[in-house]
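Residue numbers (our numbering), protein chains in the order written: chain F, -18 to 224; chain S, 654 to 819; chain V, 311 to 877; chain W, 7 to 187.
Take these hints with a grain of salt, some might be off.
In silico lysine to aspartate or glutamate, EDC-like type, Cα no more than 16 Å apart, as pairs [what the hints assert, rightly or not]:
1) Lys672/V with Glu745/V
2) Lys140/W with Glu56/F
3) Lys(-4)/F with Asp18/F
4) Lys733/S with Glu773/S
5) Lys140/W with Asp118/F
6) Lys349/V with Glu799/S
7) Lys69/F with Asp120/F
8) Lys581/V with Asp413/V
9) Lys556/V with Glu599/V
10) Lys808/V with Asp149/W
11) Lys776/S with Glu814/S
12) Lys69/F with Asp818/V
13) Lys733/S with Asp768/S
14) Lys5/F with Glu56/F
15) Lys48/F with Glu426/V
16) Lys140/W with Asp795/V
17) Lys364/V with Asp413/V
18) Lys(-4)/F with Asp12/F
19) Lys349/V with Glu801/S
20) Lys733/S with Glu762/S
21) Lys75/F with Asp118/F
22) Lys112/W with Asp139/W
23) Lys508/V with Glu457/V
24) Lys513/V with Glu457/V
25) Lys821/V with Glu42/F
26) Lys75/F with Glu815/V
27) Lys799/V with Glu846/V
28) Lys733/S with Glu703/S
29) Lys69/F with Glu815/V
30) Lys(-4)/F with Glu56/F
31) Lys5/F with Glu59/F
32) Lys401/V with Asp363/V
33) Lys75/F with Asp818/V
34) Lys573/V with Glu799/S
35) Lys349/V with Asp413/V
Derived DEER-like restraints, expressed as beta-carbon distance ranges [as the list claims (entries may be wrong)]:
36) Gln126/W with Cys184/F: 51 to 61 Å
37) Gln808/S with Arg324/V: 42 to 52 Å
38) Asp110/W with Val0/F: 28 to 38 Å
39) Arg117/W with Thr805/S: 45 to 55 Å
40) Phe115/W with Glu773/S: 48 to 58 Å
Rather than coming from a laboratory, the hints here were simulated on the basis of the structure. The structure displayed is predicted, hence computed values, not measured ones. Using N, Cα and C, we set each Cβ at its ideal position, and we do this for glycine too.
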Amino acid sequence: MARQKLPPTQTLTMKIDDVDVTAKPGQTIKDVARDHDIIIPGLCYLDGLSIWGGCRLCLVEVEGMNKLLASCSTEVAEGMVVHTDSPKLRAYRKVVIEMLFAERNHVCSVCVSNGGCELQDMAVELGVDHVHLPYMDPDVNLDSSNDRFRLDHNRCIMCTRCVRVCGEIEGAFTKGIGGRGIDVRIINDLNMPWGESQTCTSCGKCVHVCPTGALVEKGTAAAEMDKRRAFLPYLTIMREAQR
Amino acid sequence: MIATITKPEAPSDDKRWKIVQATMRRNGYSRNALIETLHTVQNSFGYLDEPALRYVAASLRVPLSNVYGVATFYHLFTLKPQGEHTCVLCTGTACYIKGTPELLQHVEERYGIRDGETTEDGKVSLLTARCIGACSMAPAVVFDGEMEGEVTQEQLDEQVEAWMAS
Amino acid sequence: MTPEELIQIAEERRGQQAAVGKRINVCAAASCMSRHSDKIAEEMSSHAESLGDKAEGVEVRCVGCMGLCSAGPLVEVDHPADEAAGNDAPKTMYRGVSMDDADRIVEAAAGGTTVEQLVQPTDIPYFSRQKRIVTENSGYIDPESIEDYIAADGYSGLVTALTEMSPNDVLHEVTISGLRGRGGGGFPTGLKWSTVAKTDADKKYVVCNADEGDPGAFMDRAVLESDPHRIIEGMTIAGYAVGASKAYIYVRAEYPLAIARLKKAIRQAQKYELLGTNLCDTPFNFEIELRLGAGAFVCGEETALIASIEGRRGVPRPRPPFPASYGLYGKPTLINNVETLATIPWIVRNGGDALASIGTAKSKGTKVFALAGKIVNNGLIEVPMGISLREIVYDIGDGIPDGGTFKAVQTGGPSGGCVPGNLLDMPVDYESLQEAGTIMGSGGMIIMDEASNMVDVARFFMEFCKDESCGKCTPCRVGTAQMLDLLEKLCAKSATEKDLELLKELCDVVKACSLCGLGQTAPNPVLSTLRYFEDEYMGSLVGGVSGDGRPVPDVETKAGAPDRIER
Amino acid sequence: MSDKKKPVTIATVWLDGCSGCHMSFLDLDERLVEIAPLIEMVYSPVVDSKEIPKGTDVGIIEGAISNEDDRAKALKMRAACGFLISLGDCAVTGNVPSMRNVFDQKECFDRSYHENAQLQPMDPTVCVPPLLDKVLPVHQVVDVDLYVPGCPPPADAIYYVLSELLAGRQPDPLLLTRFGK
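Put together the whole structure using the sequences plus the hints.
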């Protein structure tokens, strides 16, 4: 690349975890950090999908701000000083992970995604060796009506990746969000059994972007579900092409 | 666009669909008018059933999942038919302090219905609202759209029993 | 509409009003109306008619909220000015008026006498300690008459702004007025307006947030029902100042009367060309549309409100970007609360300095509160910022009824907290309230006496937050539900010290990590009651047993637990 | 624990679980021989003692707390042991036993003792401890000092945890195991 001096507006300088870094305006904190090999945790974010900002795992401290900011949605600014891994943040992230485990019935040992689960990985990364919040044991069901896939609400963390990939990439808008608060659920069309959906194309993208065992292929036994993640980088291309 | 999209037909020849159509037309069949349209359906039919949701979705070209998502997000929309009469107890702070919990308990014990439920004869539905802004008259109850303040158990019984006897 | 035309309408209307000797004003705001004040007014009218000549010069009309809702239905009679005695038009207020009283009030008004048993004295602190700006017309004008509003100097602020001021002049006045957002946050209004004004865009929006959702608050409702044109004028001025031509009023569907009056007011304003194109012969166009909420407290949050206006689930999104730069339909959007916008016409008419001269160093102007709960004078009040809580509770509110003892005042609804008796001398302003662990909020003020259990109060608000959580972000969705479980355990006296510790921990996490204001403030009612009433929490713990299970209780007493080693 | 002369005393119990964690412990194989001189099993399903001695150094609990008997044992373990380990997912999370938590007890009993009974369907009344309303992880009943998740935790993880503890260091079990492993 030719070493041209870029106009001053094209790059800005900032600090992430005491490292001086450069960034382009419009980039998010998460992107810039990743460019510099600083990986900020997260579960709802996925390259190529719109930003949701709901899991709250990617919260970071920005000096001068009295609130924690979601790094997936906050754009960088000149002179920004960001901390991504303070003891306080780690403690908060641990509780947030625990909340996800406590909210539904994640019984890892009998889950087809056991070992291939981003929630498990995140628990290990953040040092969650037990859940000190009371388990809520909700009575939630499981939808096996689709020929090829299964939706198990017990293992859903409401990251909504499936909803976004279905609407934004596949364009089917089969998956949506129903209800609200603690009762939110992933739905198909008018909350009908998945197998009866007229809009679902059975493309399977929702299954493979799902970070947990909530969306899986049928015919898999415990720990057998290997999600096909190879196409994930192309989601971004697809989105760019759409614009 | 190659495929021509024809206007979907109303689920029935019920005249009330005309009112719904008028709302959609007034808003230029814009997707943004989803909530307005659902309000009209609910006001006209009392609740949102599946054919209604499908019809609105098709007319406004909003995905089914979005329609369902909106219909279940907002408290005022209901997917189940209500009783002939509705009794809405305010559970705002002032009403809570001044006796709504006792009223709710009374209704449950006497008529066997809880929030969102309808008596077996289909006559009366019990609903709650998060503050109807009548705090100075707490506890407030809305009987079929008419607000009453400082409601006692006796008053409530009088109204509910009149309905049930009707 | 030209300034001259406006003056003409005002004078015409004032002339008509002067011709009426004895005016009977009947409060027709929701509270009095639910006590059938509209029927009373009808009866009064027909009785006056039947009296014929004997009731000459008597006019009965419906007006907006008179404030003292607990004494409703309220009726006020304006007697003709007695010039010989040098009196201004004397007024008599009647309280608790029933259908049976209608006729004799008409007769008394016609005869120039009063019905003594029903008189509500107006020289009490409830009236004298108020300072009315936002509610200046409430109870005096007919909310359904634009002429009445114009006769009370209505729309003169808008016409002045359009014909004599530049948008920057308007921004300047709003900025120097020191006005801060009345919806609860207290963000400087001038700064918000300037941000939207500075943002370049082909289209901008003004949104009036009338989704008053705090349980225990009905200020916005009263303003919308009593003086709807005020909101329209405030919004139009805002639109002019920030360069917007389209506006929405997002109003709760639970307020049917307010909706009806707003609709009517919009039609009237269009007819008088106070809304529409080329207002006052300037290039400025402005239109206002109503949007109905559908019962979701979270829609009070700006980004959720935008989603809802766009017809979607009312779910907030992370900020930045703020709506001022990226709002409704992706365009710069100014979102103000009802009371904020209702202050604007007064500011333009009287100048920003005038508002800035009222209140404290950082909190200017007045604030409308809805007094409710265990207090004698329930109703709506407007007071200057900086007044003490004690004055509100004991002077204006006239203390606790039935010989009860004051325990706490709750402000800010589910986002606020409880202030105990020893802080009653605290001034009411944004900073002081925040220091005391609560917030100004939108203006609900619930007074509690010693019968209120503060743990239960915290539980009540947590239940509200859990029900109203949109479910998008983990801390609020799961945290509020978990905190509610713990508070229920406390209320059932089955919680341990460990549970209390966990409750405190969750408060911290939910406050710090939630996506929007709902979650970030949901722990406040718990935190503030913990701060002032921790003994009540301690008293709710299960007796004597600590959470870690040490020492070992007598297991032999457990029925059916044979002491065998393994199964 | 660092006292090399006196072996570290260890007690283990098997509550509501499949015993797989104890099996995994036995999977230490020849490493058991290495550890044996350093520890003394004072109470366990694999030894024949009737009481948990007071002042036991390390307690290891496998299984979730499902009934009053489990609860009583957990309390006894806590009272007797200086350092308490939750071993395996059942103890740490409730795991498979906790899957009954979404049903009410009557449903569970009906399923177990009536619908699936070949003869004489009846609820048990004698010598069966009452079920708790909900199956709980151990730490919801007593304080736990170390969590070793896994279903079962691999023998390597158990070996690592024990040898770190014997060496007087605080182990980090997540290096070798996790929920569901």
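We went through each hint and held it up to the structure:
The suggested pairing of Lys672/V with Glu745/V holds, with an alpha-carbon distance near 14 Å, which does not exceed 16 Å. Our distance criterion of 16 Å between C-alpha atoms is broken by Lys140/W and Glu56/F, whose separation comes to about 46 Å. Under the criterion of a C-alpha separation no larger than 16 Å, the hint pairing Lys(-4)/F with Asp18/F is consistent with the structure, at around 13 Å. Taking the CA atoms of Lys733/S and Glu773/S, the gap is near 14 Å; set against the 16 Å cutoff, the hint holds.
Between Lys140/W and Asp118/F the alpha-carbon distance is near 9 Å, which keeps this suggested pair within the 16 Å criterion. For the given pair, Lys349/V sits about 13 Å from Glu799/S by alpha-carbon distance, which is consistent with the 16 Å threshold. Simply put, Lys69/F and Asp120/F have alpha-carbon atoms about 33 Å apart, too far for the 16 Å limit, and the pair is violated. About 37 Å separates the Cα atoms of Lys581/V and Asp413/V, which puts this hinted pair outside 16 Å; it is violated.
At roughly 8 Å between alpha-carbon atoms, Lys556/V and Glu599/V fall within 16 Å of each other, so this suggested pair holds. Taking the CA atoms of Lys808/V and Asp149/W, the gap is near 11 Å; set against the 16 Å cutoff, the hint holds. Simply put, Lys776/S and Glu814/S have alpha-carbon atoms about 10 Å apart, close enough for the 16 Å limit, and the pair holds. The straight-line distance between the Cα atoms of Lys69/F and Asp818/V is roughly 11 Å, inside the 16 Å bound, and the hint therefore holds.
Distance check on the hinted pair: Lys733/S and Asp768/S sit about 13 Å apart at the alpha-carbon level, within 16 Å; holds. Taken as a hint, the Lys5/F and Glu56/F pair is honoured in the structure, with Cα atoms around 10 Å apart against an allowance of 16 Å. Annotation: proposed proximity of Lys48/F to Glu426/V is violated, straight-line Cα distance about 59 Å (limit 16 Å). Between Lys140/W and Asp795/V the CA atoms are separated by roughly 15 Å; this keeps the pair inside 16 Å, and the hint holds.
For the hint linking Lys364/V to Asp413/V, the alpha-carbon distance of about 13 Å falls within 16 Å, and the restraint holds. A C-alpha spacing of about 13 Å is found between Lys(-4)/F and Asp12/F, which places the hinted pair at or below 16 Å, so the restraint holds. For the given pair, Lys349/V sits about 14 Å from Glu801/S by alpha-carbon distance, which is consistent with the 16 Å threshold. Of the supplied pair hints, the one linking Lys733/S and Glu762/S is violated, its CA atoms being roughly 23 Å apart against a limit of 16 Å.
For the proposed pair Lys75/F and Asp118/F, the alpha carbon gap of about 20 Å is over 16 Å, so the pair is violated. For the proposed pair Lys112/W and Asp139/W, the alpha carbon gap of about 10 Å is at most 16 Å, so the pair holds. Of the pairs offered as hints, the one joining Lys508/V and Glu457/V is violated, with about 35 Å between alpha carbons and a cut-off of 16 Å exceeded. Of the supplied pair hints, the one linking Lys513/V and Glu457/V is violated, its CA atoms being roughly 32 Å apart against a limit of 16 Å.
A threshold of 16 Å between alpha carbons decides the hint, and for Lys821/V with Glu42/F the separation of about 15 Å falls inside it, so the pair holds. As the CA atoms of Lys75/F and Glu815/V are separated by approximately 12 Å, the hinted pair is consistent with the 16 Å bound. Restraint check: the Cα-Cα separation between Lys799/V and Glu846/V comes to about 14 Å, which is no more than 16 Å; the hinted pair holds. In summary, the hint linking Lys733/S to Glu703/S is supported, as the alpha carbons are separated by about 10 Å, within the 16 Å threshold.
Taken as a hint, the Lys69/F and Glu815/V pair is honoured in the structure, with Cα atoms around 12 Å apart against an allowance of 16 Å. Of the supplied pair hints, the one linking Lys(-4)/F and Glu56/F holds, its CA atoms being roughly 14 Å apart against a limit of 16 Å. The suggested pairing of Lys5/F with Glu59/F holds, with an alpha-carbon distance near 10 Å, which does not exceed 16 Å. Distance check on the hinted pair: Lys401/V and Asp363/V sit about 22 Å apart at the alpha-carbon level, beyond 16 Å; violated.
Distance check on the hinted pair: Lys75/F and Asp818/V sit about 13 Å apart at the alpha-carbon level, within 16 Å; holds. A hinted pair counts as satisfied when its Cα atoms are at most 16 Å apart, and Lys573/V with Glu799/S does not qualify at roughly 21 Å. A C-alpha spacing of about 12 Å is found between Lys349/V and Asp413/V, which places the hinted pair at or below 16 Å, so the restraint holds. A hinted range of 51 to 61 Å holds for the C-beta pair Gln126/W and Cys184/F, which are about 53 Å apart.
Between Gln808/S and Arg324/V the beta carbon distance is about 44 Å. The supplied range of 42 to 52 Å therefore holds. Taken as a hint, the range 28 to 38 Å is violated for the pair Asp110/W and Val0/F, whose Cβ atoms sit roughly 55 Å apart. The hint said 45 to 55 Å for the Cβ distance between Arg117/W and Thr805/S, and at roughly 47 Å that hint holds. Our hint of 48 to 58 Å for Phe115/W and Glu773/S is violated, since their Cβ atoms are close to 30 Å apart.
The structure shown violates the earlier hints numbered 2, 7, 8, 15, 20, 21, 23, 24, 32, 34, 38 and 40.
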